[in-house]
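> Chains A and B, in that order, give the protein sequences.
The first sequence begins at 1 in the numbering used here and counts up by one.
The second sequence begins at 1 in the numbering used here and counts up by one.
Be aware that one or more of the hints could be misleading.
[Unchecked claim] Facing chain A, according to a computed beta carbon distance under 7 Å, are these residues of chain B, among others:
id	residue
1	K5
2	L6
3	N8
4	I17
5	K49
6	L94
7	E97
8	M99
9	S103
10	G105
11	S163
12	E165
13	N171
14	K176
[Claimed, not checked] Listing some non-contacts, in silico: residues in chain A with all C-beta distances to chain B over 12 Å:
id	residue
15	N3
16	D166
17	K174
18	E206
19	L256
20	R295
21	D304
22	I357
23	T375
24	K389
25	K457
26	A548
27	K584
The set of hints was computed from the structure by calculation and includes no laboratory data.
Since we're looking at a predicted model, the values are computed, not measured.
For each residue, glycine too, the CB sits at the ideal point set by N, CA and C.
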Amino acid sequence: MKNKRKLIRISTAGSVDSGKSTLIGRFLFDSQKIFEDQYLSVKNICEKKGMDLDFSYFLDGLKAERDQKITIDVAHKFFSTKDNDYVIYDVPGHEQYTKNMISGVFEADISIIIIDVSKGFLEQSKRHFFISNILKKDRIIFCINKMDLLSYKEESFLKLKEEINDFIEKINIKNVVFIPISASKGDMLKNRGNNMSWYKGKTLFEYLESFDESKNENFDIRFPVQFINKDKEGNRLYGGRLDSGKISINDEVLILPSNKKIKVNKIVKDFKEVENAFCGQSISLGFKGDYDIERGDLISSLEDKPFCSKKFRIKICWFSDKELKAGDSFIVKSNCRKTVCTVEKIEFKINFNNFNIEKTKKLIENDVGSVIIKTNDYLLGDFYKKNKKNGSLILIDEKNLKTSALALFEDLVNFSETEIEKKEVPIIWFTGLSGSGKTTMANMLHDFLNKKNIKNKIIDGDLFREAFKNQLGFSERDRELNIRMASFVSKIISENGIIAICSFVSPFRKIREEIKNDNPNFLEVFCDSPLEVCERRDVRGLYKKARAGEIKNFTGISQSYEKPLKPDLVLNTGGESEKKSFVKLIKFLDKFIY
Amino acid sequence: MIKEKLDNLDELESESIYIIREVFACAQNPVFLYSIGKDSSVLLHLAKKAFYPNKIPIPFLHIDTAYKFKEMISFRDKIKKDEFVNLIVEKNFLDKEEMNPLSFGRDICCKNLKTKGLLGAIKKHGFDFAIGGARRDEEKSRSKEKFFSLRTEDGFWDFKNQSPEFGKNYNTLLLKNNTFRVFPLSNWTEINIWQYIQRENIEVVPLYFSQKRKVLIDKGLFLIEDDFFVPKKGEIKDVYCRFRSLGCSPCTAAIESRADTVSAIIKELVESKKSERENRLIDFDSDSSMEDKKKDGYF
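Same shape as in the complex, but just chain A (with noise of 0.2 Å):
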């Protein structure tokens, strides 16, 4: 049997003069797509400006591209071979453009990344890469281009293969196909040429051409309701495309978010009822039954379904020029779904140039990374990795109306997980001498919160040597290895979601600068009464022992206390009321506490 002709997309992406309208040029003119009464035309532009014939203007199609040479937005351009037709999404390689890369190589069956085998491998091939990793994974091409200026040399190709795949294997990629070309002179297009007997890989076109995209075909049903029919008989039939798998009378499928089990009993196509519908095509669908069944439902295999949530950890392609921050809400369409969500948190961002992941609060313009969103109402799909027809959203402005993002579905989140991850609360650590008012300030602070309803918890530092059996005394030892545990539970307290108020002497300026260090959520309170002071008040008496020598290494008296150098706030509970500290605790932490 003859093989079904195809429809291949091919996406191209190379940086500035990698060869890339060269290429494309290549394409059209080996199948006869530049017509000449277009060459024509453009042969006499580009006469009349003094060039060379320029084939980027075959290819730029507006006015502003032309001029300053460069692509803005993704050109389709066509052309066919004797068994397939193509579609060529050329998209730009400016980072002020990634949307419209990132778009064209959505839509692309293949991605093609053009590189200048003498200029290596840039930052804007890079981001080229690593958005078509994300996208499509094992179906990406380098194009190692302009062989015939390095004299076709073979050293010069591996040179730079093993530059890119150094890199690329920090990212655990591998098998990343490489074909070195001349997109001028046509070596290793459609022919092979003369000039690289020493490349024994297929050529481009021997590569698009065995493209088998049933390779990593799904077969689990998907069939997202697009709009709601009726049948001459006035019975209820949902039209869509079938995403995946494949729909036959008789079947037994689970329409989802309400979970039921129905029957298939009617399937149109075209202009008939059929017996099956295959993946890929625009179908409608009737069951047996009445159910009510809205756009956005979404009709499953029984087995391997889809999920069903409204948390979702997101990879995330930002566009908008404007920041995103937590707390910041979109309207997001998704397998014909449509509803609103809020941002719970920006977990990383991507950095291009050695695609580390690094820590952020904020994603600002063409920024990729990690992303968790809460919706509110269920969405129902796939993760991008197992089903990429089904795993995508994106995100709209809910003022201007645009598309602000593209975003993968990654993974669920539980909600208790991020409820408490989502808040960075703080640990309060009161410092000051015996007496100086750390543990009347705390409990106040807790009375407070409790009021509220803001989780907390005293970590007391005397109630804590008494939890540990006072097997600690007070020596410098003994008192850092106190601090440093009592430090410990406090971070466990803080993230998850609890205040952690922590009254300590704690006399050494080191530890506490460590422990700060170590958590960026220590506040570090400074109760700062003189001595005097204290020991005038003397409430458990423990000043009048350590003067007698009842108690060793007594802070102020026979150990010093180190003050804080730039602690976060100082109360001054020598001099004035408790309830004016408190007032201005309380002020302080305001911005801190929820």
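Given chain A's structure and the hints, the job is docking chain B onto it.
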């Protein structure tokens, strides 16, 4: 066998139907723009499939400039009788002396008759989504089009500000007074259109097929005799010719051809070295004719 592979036409067809249905699901008051040409014939066929077994729930709109070929108008009137189709005709007639391409120039004539007529009709009916049969392979500025292309209140196309598109999740949201132009046939080529016309047995205006016609040869272009045709000096001859694309009669020339069947046309196109709009005089006025027209609101 668990799957059946879609061929190139199946895939284009399914993509177009998906977009037509998406418009129906998301628009308040959508319309198809009907130009009577082959692309419109394909679009209409796809719309029938999209909503079968029902009538097409979106009306078709034809802007009549009074300069269309007679055979186009009679073809349109036949379509009007199709029970699956609701076809609205908006006439944008001006006196021949008041507006014609010969004395005012093609650009001005186009702007006044086509563009103004279209924008006026869209405003009059309050259409928010206008679906057209334009394809990306027709002309270089069209290669930049999105499936859902945003227009401001006065029809302006701001190509630098287009929302990028990602597969099936189209952004179909509109601010007040903005409208969408939607192009379900974006990824079809001229040959795909004819292959599909052949496969689906779709009827098109007979002007597409070769026959012996009386033509005026003007600077190498074949202009055929028509009611509106004002003969100028030139050689008049009988030649076998056909039209590769159709527009207003004074501005659309025929090409010399013997292709009198769909398969002969496909064969001719495969071998052709000329572009589809070679016979459209309006495209050759400057380096960016079509782009400028599109910015003004031309389809």
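> State the violated hints by number, sorted upward, taking the hints as numbered earlier in the document.
The structure breaks hints 6, 7, 8, 9, 10, 14, 15, 20, 24; every other hint is satisfied.
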